[in-house]
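**Student:** In case you want the letters, here they are:
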Amino acid sequence: MRASNLFKSKRAWIAITVMLILSPVFGVILADMVGYHEPLDLAAEIAGLRDVSEEVNWTPFFDYSVPGLPAEVGYVVAGALGIAVIVAVGYVVMRLVERRREDVGLA
Amino acid sequence: MHIPDGFLDTVTASVTYVIAVGCGILLWRKFKRSLGAEEISLLTVLSAAIFVAQMLNWPLPGGTSLHFVGGALAGVLLGPFLGFASMTLVLVVQCLLFHDGGITTLGANVLNMALVDVLVGYAVFKLVIGLAGNRRGPRMVGAFLGAWLGIVLAGLACGLEIGLSPSFGFYVDVTVPVMVSWHALLGVVEGVITALVVEYLHVRLPLAVLPPISREVVER
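Protein chains in written order, with our numbering: chain A, 1 to 107; chain B, 1 to 220.
Simulated from the structure, these hints should not be mistaken for lab results.
For each residue, glycine too, the CB sits at the ideal point set by N, CA and C.
Don't take each hint at face value.
Claimed, not checked - If you only want the chain A side, here are some residues facing chain B, beta carbon under 8 Å, derived:
no., residue
1, ILE29
2, PHE62
3, ASP63
4, TYR64
5, VAL66
6, GLY68
7, ILE86
8, MET94
Unchecked claim - Facing chain B, according to a computed beta carbon distance under 8 Å, are these residues of chain A, among others:
no., residue
9, GLY27
10, GLY35
11, LEU49
12, ARG50
13, LEU69
14, PRO70
15, ALA71
16, VAL77
17, VAL93
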């Protein structure tokens, strides 16, 4: 399989979809049960630093949520939205690179 | 490891932005000629996979959580520039769309996860397969060590940044040991996942493990 075909690789997108569908189990359900607390939070507590994200927030999808949707569903929809933006950016850049290569006769 | 808004003072936030942007420009100048559609296609799919893998938070006994970061994986599979670009794309989407990682701290997050983690992972992997040969064992050991060291050094950088930022006094002597010791443990999981994915892709997609850009760098 050539790398360029990866964009169309079913296996890669199945893996991404499976992770996306499973994501609320880890990102919402287990995180709520145990409390998400990574080492950075621990170090910041000791240093007396304060997270002001909620006070200066600009996005309706704060922390992978979607307004009006239950947390588990919102998490999946937010994830799909993130993937869509990444694919859109990648697709545009790929077309620009292809066009540039054609312009300089490298294609 | 995503530093939120409020954790960094103005000086640290500015300095890390300058370093992140400066290194991005240097890498772009060095590698822009070797960019092709194949590399961008691989970058896009890997970025999407890393983005969704980072949404899987694993709670650990004792009240700590971790998620896969993927910087070293991006470095090994894509080389230094595209690895940097892939992680930066993920971090910018996380920051702008979901406020996961702050806007004032985006420079620091790019520095830690898109530069330190990617470059260390890439360099260690290349070193190990350069010394021991591009065989299964060295590939897995190289990917594991690269991912482990990448996470530990990214944690060190993160500890330095937040330790230098409090308004009153420096807490580097506390934040660095906390970040390094925890990430030395969490890095084992990162290393195992990275080694398995690199080996799986090497079998399924040999081109991806040594893309043309990486090969050029090794041969130079």
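**Student:** Which hint numbers doesn't this structure obey?
**Tutor:** 1, 5, 6, 13, 14, 15 and 16
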